[in-house]
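S.K.: Below are the chains, spelled out letter by letter.
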Amino acid sequence: MLPEIIVLITAFTLMFVDLFLKRETRYFLMGIPLGGLALAFISVFFLSNRKSFGGQFSLENIDLWLKVFFILCAFVIAIASFSFILGESKETCHKKQIYSFEFLTILLFNLSGMLFLVSARDLLTLYVSLELSTLPLFILTAWKRDALSSEAGLKYVVLGALASALLLLGFSIFYGLTGTMDLVLIGRSTNVSPLFWFASVLVISAIGFKLTLVPFHMWAPEVYQGAPTVVTAYLSVASKGAGLVLMFQIFFRIFGASISSFYFAIALLSALTMTLGNVVAIVQENIKRFMAFSAISQAGYLIMGFLGGFHANSQAVLQGLSRTHPLIALSMMIGLFGLAGIPPLSGFIGKFFLFSVAASSGFYWLVAVAAINSVISLYYYLRIVRQMYIEPVLETTVFPMKLSMGGLLGSLVVISVLLGLVPVFYETILWTWKN
Amino acid sequence: MTLEMLVYAAFFYVFAFCAILLAICAVVTKRILRSAVYLMGVLLISAAFYVMLNAQFLAGVQVLVYVGGIVVLLVYAVMLTQTSQVLETLPSRIRNTLGFFVGVGFFCFSLWCIFNSDLTLITINSKNINLATQDIRAIGKKLLSTERGGYAVAFEVLSILLLVSVLGGIVLARKISPGETSPKETHVG
Amino acid sequence: MQNFINIFTHGIFIKHAWFVLAVPFLSFVFVGLVLRPLSKKASGLIATLSISVTTLFVYGIIAECFLMHRVPSGAAWQVPWLRYQDGLSATLGVLVDPLSLLLMCVVTTVSALVHLYSIGYMRGDEGVGRYFAFLNLFTFSMLGLVVAPNILQIFIFWELVGVSSFLLIGYYYEKPQAVAASKKAFIVTRFADLGFFIGIFILGYYGFQSFSRLGPTVPQALSPFDFAYLTSPAFIEFFKHETYMIFGLSIFSLTLILVFMGACGKSAMFPLHIWLPDAMEGPTPVSALIHAATMVVAGVYLVARMFPLFVASPEALGLVQCVGTFTCLFAATIGCTQDDIKRVLAFSTLSQIGYMMFALGVCHGGNTLGYTASLFHLFTHAFFKALLFLGAGSIIHALHTNNVWEMGGLVKAMPITHLTFLVATLSISGIPPFSGFFSKDEILLSAFINHQYLTFVIALLVAGLTSFYMFRVYFLTFWSEAKWHGHVHKPQEASWTMTLPLLLLAVLAAISGFTPIAKWIFYTKSQVESHRLFFVPVFGVLVAAFGFLLAMLFYTGDRKIVDHVVLKFAWMYGVIKHKFYIDEVYLWITKKVIFRFIAFPVAWFDRRIVDGGVNLAAWVTRKTGWLLRFLQTGQVQTYGIWLVSGGLVMLLVLLTL
Amino acid sequence: MQVSCLVFLPLLTAFLVIMTPRRFSYLIRWISVFGTGLHLALTIMISFLFWAEAKGDGELLRTSLVFKLHLVEKISWFDSLGIQYFVGIDGISLTMVVLTSIIIFAGVLASWNVKERAKEFFALLLILVTGVFGVFVSFDLFLFFMFYELAVLPMYLLIGIWGTGPKEYAAMKLTLMLLIGSAFILVGFFALYYGSGFYTFDLIKLATANFPVDFQRWVFPMIFVGFGVIGALYPLHTWSPDGHSSAPTAVSMLHAGVLMKLGGYGALRIAVFLLPEGAKYWGLFFMGLTTINILYGSFGAIWQKDLKYFTAYSSVSHCGFVLFGISALNFMGMKGAVIQMFSHGIMTGLFFGLIGMVYGRTHTRIISEMGGLARVMPWLATCFYIGGLASLGLPGLSGFIAESHVFLGGFFGHSLQSVGQSGALMKTFTLIATLSIVVTAVYVLRGLGRVFQGPIENAEFANLEDAMLSEKLSTGILVVVLIVVGLYPSILIDVIEPAIRPVLNRLAGGL
Amino acid sequence: MLASIFNSPYFYPSIYHWLVLSSALFSIGIYGFLTRKNAVGILISLELCLNSGALNFVVFDYFRGNHIDGKIMALFIIAVAAAEVVIAMAIFVGMFKHKKTIDVTEMNQMRN
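Chains as they are written, first to last, in this note's numbering: chain B, 1 to 435; chain L, 1 to 189; chain G, 1 to 657; chain C, 1 to 511; chain A, 1 to 112.
The following block holds chain B by itself, in its conformation from the complex (with noise of 0.2 Å):
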């Protein structure tokens, strides 16, 4: 429990302190935030996996490593939203948004939602800190409160209720099958009837809604371009993190056994994401709702990791999220192209071992059909290099890069092309995980 608590006291903190702060004196108040989340970030470290409030709580090695991948997630936007909330950014629109730390509040209380989803071990648990993870992002997407900002919100605000209105009544009929709230019980318990099969279909669509999975992923264009930049960095980082979790809690506690059926529909939804996320990139002029549909193509690789067994995919899933996710959509994000040039290899090797364990269960045409989509996606990677590297430079089109800003993502590169060559990483995690 010990990040969930510092997160939330450096939330409060934040929170008083910004009150009786006069506006111009604020400025120092971006150390609140980092120090906290540099605390959690520690203390993440100092549990080892025990079990806590009587189960309801219980932290396990990859919940450890997810942790991690939050605050660090956290970490990185809270120092690209300082521009954000200074006012510096063009983004800000008018005078009363300076210094309304409350971007940041809503920001930390969102993780804190995030970090319980993880450990979260019943139904209830599990639906009210989903809640908690998605309804800031409501807030913060229609932060802006210009036309856009307030359309985006909206359209997020109404299909992110129907989403959940969905996933309670998948909820409760798993609750009236089984009889019990508690996740792994009703894991071991489910005899496969059609309303188990109509549950399932009620979640996965709330899932599909979350990981923007292809029949489900209208909204995720308008949000993505109506949002603050810094939001929708967010979203496609965090949250699309969140939607991992939410679908490793479902299909590794209630599925469980019976996971093996699922199979062929992740496949599916993984085929039309990842092709219709890549296809519609290629034609998309603006550069948020480009990044979108990159996002929900990437959305397509990160669910192949589905396919495996349980020890063999979650090694997958975490390379997958840690590499093709944070490095790509944050550089994209922020519009700092320089750093794209380098996607390909470490994006490579992550992708390398999510085809692997779609491979070891025989999609060999799921594979091809990856391979085939990560030439299209090279195709987008290779004309924003173009237009960074051959066309003669145009007046920069992103706002300037602070020293801060440039240092941060610079080590980011760096860690993914070590993440890639270096097997550290990647063995502790199988160390951690074995034991």
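Wrong hints could be hidden among the right ones.
[Stated by the list, open to error] Calculated lysine-lysine pairs in the DSS-like style (CA-CA distance at most 25 Å, straight line):
{"hint": "1", "chain 1": "C", "residue 1": "Lys119", "chain 2": "G", "residue 2": "Lys175"}
{"hint": "2", "chain 1": "A", "residue 1": "Lys100", "chain 2": "L", "residue 2": "Lys175"}
{"hint": "3", "chain 1": "G", "residue 1": "Lys592", "chain 2": "C", "residue 2": "Lys305"}
{"hint": "4", "chain 1": "C", "residue 1": "Lys119", "chain 2": "C", "residue 2": "Lys472"}
{"hint": "5", "chain 1": "A", "residue 1": "Lys100", "chain 2": "L", "residue 2": "Lys30"}
{"hint": "6", "chain 1": "C", "residue 1": "Lys305", "chain 2": "G", "residue 2": "Lys591"}
{"hint": "7", "chain 1": "C", "residue 1": "Lys205", "chain 2": "G", "residue 2": "Lys240"}
{"hint": "8", "chain 1": "L", "residue 1": "Lys175", "chain 2": "A", "residue 2": "Lys97"}
{"hint": "9", "chain 1": "G", "residue 1": "Lys591", "chain 2": "G", "residue 2": "Lys579"}
{"hint": "10", "chain 1": "L", "residue 1": "Lys142", "chain 2": "A", "residue 2": "Lys97"}
{"hint": "11", "chain 1": "L", "residue 1": "Lys142", "chain 2": "A", "residue 2": "Lys99"}
{"hint": "12", "chain 1": "G", "residue 1": "Lys15", "chain 2": "G", "residue 2": "Lys41"}
{"hint": "13", "chain 1": "L", "residue 1": "Lys30", "chain 2": "A", "residue 2": "Lys99"}
{"hint": "14", "chain 1": "C", "residue 1": "Lys205", "chain 2": "C", "residue 2": "Lys305"}
{"hint": "15", "chain 1": "C", "residue 1": "Lys427", "chain 2": "C", "residue 2": "Lys305"}
{"hint": "16", "chain 1": "G", "residue 1": "Lys579", "chain 2": "G", "residue 2": "Lys568"}
[What the hints assert, rightly or not] So, partial list: chain B residues that the calculated Cβ filter (under 10 Å) puts toward chain C:
{"hint": "17", "residue": "Phe16"}
{"hint": "18", "residue": "Phe20"}
{"hint": "19", "residue": "Val192"}
{"hint": "20", "residue": "Ser356"}
{"hint": "21", "residue": "Ala359"}
{"hint": "22", "residue": "Gly362"}
{"hint": "23", "residue": "Tyr364"}
{"hint": "24", "residue": "Val367"}
{"hint": "25", "residue": "Ala370"}
{"hint": "26", "residue": "Ala371"}
{"hint": "27", "residue": "Tyr379"}
{"hint": "28", "residue": "Arg383"}
In short, the hints are calculated from the structure, not lab data.
Here a beta-carbon is modelled for each residue, glycine too, at the ideal position from N, C-alpha and C.
Go by the hints and put chains L, G, C and A onto chain B.
M.R.: Just chains L, G, C and A now, kept in the frame of chain B:
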């Protein structure tokens, strides 16, 4: 069939019919205010359902929070957005039929699934019944207990959720003092 | 003197036979890389020196064989060069047997004299170093071809000969016609080599298959490609009875026809002769060496080398005879109408090689005298044809024009050239004392003995035509009234370097008829001396004399008889003059048919269809992307519909699977 | 230790090049030349080492089913997935490594006058070469694929930035088509990884797994076509004419000379070696396809106006020989394929280098605009002619050795059923393919004749100067190699033969 | 005849009746969601869906569960619904400031 069961069944059918009728009206009426009222009706009836399923405390909460709070909030929203007078036009032909088909499709699928899966009935045995009487105490105890089955964590998370929603509501909807520049349309390049 | 003779008895020369190949190659490399940029004179001298040394060495070998009264049959020296497979490898070596000795002697002698001649002829030119290097390369490759112990080595040097002739013909690369001629020569010979290459495949294939069984029985054979093995009776027996039939021909005769196709290309037989007349664009010594004495006879040598196989297949020999005879007649007719002196000589070469070919061809009639006759004619023809070319060269060198009608009255101006040219003309027309008479007589005899009377008659006719066009050239160049008076400097004899080769060749042309070739070169010894028919030579001489008189009548006096004849047969004369328009037909085929109907469609197909296919795939993805874009209608509720209906479809998928 | 530094030396040079500030462009060139020169020396040293070690290989490998590697280095990388850094040298890899180091040395020398952004140009070129070296020496499929991607990606930037003509289109098409090829290969590798049951990417270990026949029948075409894309197999070759003609000199030298050999190398080393049954099943089909490849390339070259397209089509035809030799599936065919890879690599390197130099002077590549250049630049003309004669298979130059091998291999058919129905079909394919020696002669002489011979058409070509020292050195090396291999082929053959043996034994059913 | 209806086993409201009722409500909610033009109307139909979900929970709790968890879950659902409505209202109001209408069909400034 004891008399008491008969009355129970009668109540069920009457309330069920009313609930569905009100729901349909809430969804179809042109005036938004009227649909809010119909919604209130449906919620009240479902509170009655809760009572029939001996969740008395829940019925109370339902009436208090749901009907009292949320519906009133809906009415405020209608007032704020001055759409109460405006007659809502009918949706386009395609959207209507599509919506209808999806709704009916959903209903048929759920029915098919319900009737094909064997929900072995756990008959109402005595043990359950006496439990029902002091349900409030049990709910309270379970809500805050930190052992195996408790929901203390969920309770805390819920509190944060409500805090965030309030905070968000304020931030999004607070009035911008006339002094500041009006929000100009900006696009990120 | 005695110790000088016993030098030849120890067999040193044969043991070091590789010397024959090494010297030209080393001098080619040395001249080409080192001397060429340094000095023209030095490269000329070194090149000539090296070839003459080789010539002397070859004479040494001949003397050695002559003194020891026997000629070693196997390869004198072998080195493994290229290992294809365990049982199949190509070796480089020197085979010393009567046939290769004859050719070696011819090639080295003529080449040495041409080198000497070129020093004078090419004096003013600025690319002389390059010229001599290529000449040395040519001599090296020709020698390599002649001494090849296996068929693969023949093919290798066959190509090298083709390339060096290409380089030499295209020596004056400034002139577009020279470039076109060299390109044409190479491509036509290359096309013929294709046939030869396929022939080698089939031979190699069947040889390899049977080598494990038959190999040990043949003493000299090292690998399936060796001639010793290919011409061994065991292999011929095996190959003859191969039942595989294609286009109605047995594989055996088909292979031989393919090999003959290669020979045709190099010796410019009828269908593939178009490159020889154009090859005259090169410097005259080159024509003398390559297009008279050595390269063009390579085809005859090949057929001679594979003769045991050819004898075993009557169809192949029949084809050889037909092609030979037809080319002989065809070339002779055209030769009479040409104006350019070198073109006349070129067609005369064609016709003489036709003689040699059909001499080999008639042997299918039973008597193999033709084999000896053809090689004897090859031997003599090399000398007098080289002499004719060099003579023509010195005339052109003096008058700077090729056209026969612009020459005249050189009898007094260039006495040595005139004398040597006369000797050569007499010899080629077959007038008794000179060598031409003896070899042509042998050929006529062999045609008659083998009962090929049609060929015999045509041969006689061609003999007449030969003497007619040769004396036509002789009279026009030397005896008609001089038309060069207007020129600033009057023509006079060139320096000694040019006249000495002429004299030597004249001597050789005269006496070479008496060398006892038959004693050494024969296919079946018994049939050579069998019978002497006296009337054959008489007819030959009569026909030659008739040709001489006709030419004298036409061309010594004024020209009205000639004009009258030309007028009467104007149409036929025109056609013959244009070489029966065969060049134009070839040109049409390559330009119109091959380039327009094969190359262009292939290139177009590649750009449009195959490229288009790829671009189409890109366009399709882009278009689907464009269409899918409009799925996002912006209406929230449509998204809701997608969301729920997507769920329902998913349910269907799950339930059905 | 030697093989790893062989692979990573160019990367080190690239790093050094990146470090030098942009102003000293002269220094950049010297560093890269020195780097590649050192590399060439290292390669020669390694080949001597190899000869010393591989003395006894000839007999040893006569019956063995697995490659005998030398100078092996094996370090575990992701051992849980069965991936390790497994590098070694055998006959075939040594030939290819020598070829690449010669070509890159000549390439760097030939691109002496690259002015704008020279730093990135040389750095990317050296990275590309590292990828290529990596591919030739790696015996772990994952490592192989990693280096393969590393070799393909810089190509986009190199053509995109320094190219001429429709460079973006060509660069994009080239990269995408090569990557689609690599997509096929990736699927093939996964099939091998999981099909073998060993869960390892180690080539030697995979060789011991006997894959079921129908598994082989669908994986073999997948990998062969994947490699075929970069090896210019018939329908998938469309990227090479555009790619080569809009690439700068050094890049097209490297690309046509070496990168297209990756296809042949991969097909032989992985596809045929691991899946012999599949190879036998598909052998005839690919042989037919490559026959079209050979004739199609040569006929196409006749009609080309631009010199680079002319050479690109000729290299399509010659790469057809490589794949033709491989699909002949017998000793001579495969050995011929490897020799052809080497000899064609040198030839095309020479050609593109020379075209670059000619273009540097006349600023035009259209054949009809140029004429009579032999008078002005004799050195370039002679080298061009030697290259041309080598490409049309003149004995005494390396072209003939390769072509004769391939044709004899094709004609002699499978060592197993050389007579049967497939034998006859193979013979007809070979005979059709031999037609190419005539067509090659036609387009080579026609092209060269029109460019170099004849009178000088436009006046300003009259005073062009001949090759500089660096250009003379670069073309000189390539010409010498062509002649040496042509005259004394057993240098190459003794190295290649033992390496082909194992592949042949597996084909002969020695599973 | 009436008696026969009353005594037939299917008359007394078993779990199936309740489930049919709640899914009927849910379907009506979905229909409303997909067809109402007014944003608040959409919210209303959403409330219907959530309420039917809560009812579902209570029904399952009564028939098959341990009679407490379902109720607690329903409680939480009500709270979450409240939170959602708050945020939705805030955004609708913000939207109204710009577009002077909250008709959902007009909000398609960002499309294809």
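S.K.: Work down the list of hints and note, for each, if the structure agrees.
M.R.: Cross-check of the supplied hints:
Distance check on the hinted pair: Lys119/C and Lys175/G sit about 46 Å apart at the alpha-carbon level, beyond 25 Å; violated. The straight-line distance between the Cα atoms of Lys100/A and Lys175/L is roughly 16 Å, inside the 25 Å bound, and the hint therefore holds. With a C-alpha separation of about 18 Å, the suggested pairing of Lys592/G with Lys305/C holds against the 25 Å cut-off. At most 25 Å may separate the alpha-carbon atoms for a hinted pair to count; Lys119/C and Lys472/C meet this at roughly 24 Å.
The hinted pair formed by Lys100/A and Lys30/L meets the criterion: a straight-line CA distance of about 19 Å does not exceed 25 Å. A C-alpha spacing of about 16 Å is found between Lys305/C and Lys591/G, which places the hinted pair at or below 25 Å, so the restraint holds. A C-alpha spacing of about 51 Å is found between Lys205/C and Lys240/G, which places the hinted pair above 25 Å, so the restraint is violated. In summary, the hint linking Lys175/L to Lys97/A is supported, as the alpha carbons are separated by about 10 Å, within the 25 Å threshold.
Of the pairs offered as hints, the one joining Lys591/G and Lys579/G holds, with about 19 Å between alpha carbons and a cut-off of 25 Å not exceeded. A C-alpha spacing of about 45 Å is found between Lys142/L and Lys97/A, which places the hinted pair above 25 Å, so the restraint is violated. Straight-line distance between C-alpha atoms of Lys142/L and Lys99/A comes to about 47 Å, which puts the hinted pair past the 25 Å bound. Proposed proximity of Lys15/G and Lys41/G is contradicted: the alpha carbons are some 34 Å apart, above 25 Å.
Taken as a hint, the Lys30/L and Lys99/A pair is honoured in the structure, with Cα atoms around 21 Å apart against an allowance of 25 Å. Taken as a hint, the Lys205/C and Lys305/C pair is broken in the structure, with Cα atoms around 50 Å apart against an allowance of 25 Å. A hinted pair counts as satisfied when its Cα atoms are at most 25 Å apart, and Lys427/C with Lys305/C does not qualify at roughly 34 Å. A hinted pair counts as satisfied when its Cα atoms are at most 25 Å apart, and Lys579/G with Lys568/G qualifies at roughly 19 Å.
A least Cβ separation of about 49 Å between Phe16/B and chain C goes past the 10 Å threshold, and the interface hint is therefore violated. Checking Phe20/B against chain C by beta carbon gives a least distance of about 52 Å; that is not within 10 Å, so the hint is violated. Annotation: interface hint on Val192/B violated; nearest CB of chain C at approximately 28 Å, more than 10 Å. Taken as an interface hint, Ser356/B checks out: its beta carbon lies about 7 Å from the nearest beta carbon of chain C, inside 10 Å.
Annotation: Ala359/B was flagged as interfacial toward chain C, and the flag holds, the nearest CB pair being 4 Å apart, inside 10 Å. For the restraint placing Gly362/B at the interface with chain C, the shortest Cβ-Cβ distance is roughly 8 Å, inside the 10 Å limit, so the hint holds. Because the smallest distance between the Cβ of Tyr364/B and any Cβ of chain C comes to about 6 Å, under 10 Å, the interface hint for this residue holds. Given hint, Val367/B at the interface with chain C, holds; its Cβ is 5 Å from that chain's nearest Cβ, closer than 10 Å.
A cut of 10 Å between beta carbons decides the hint on Ala370/B: the least distance to chain C is about 9 Å, and the hint holds. Nearest Cβ of chain C to the Cβ of Ala371/B: about 3 Å, under the 10 Å cut. The hint holds. For Tyr379/B, the interface hint holds, since its Cβ comes within 10 Å of a Cβ in chain C; the closest pair sits about 6 Å apart. A distance limit of 10 Å between C-beta atoms decides the matter here; for Arg383/B the minimum to chain C is near 8 Å, and the interface restraint holds.
Going through the hint list in order, the structure does not satisfy hints 1, 7, 10, 11, 12, 14, 15, 17, 18 and 19.
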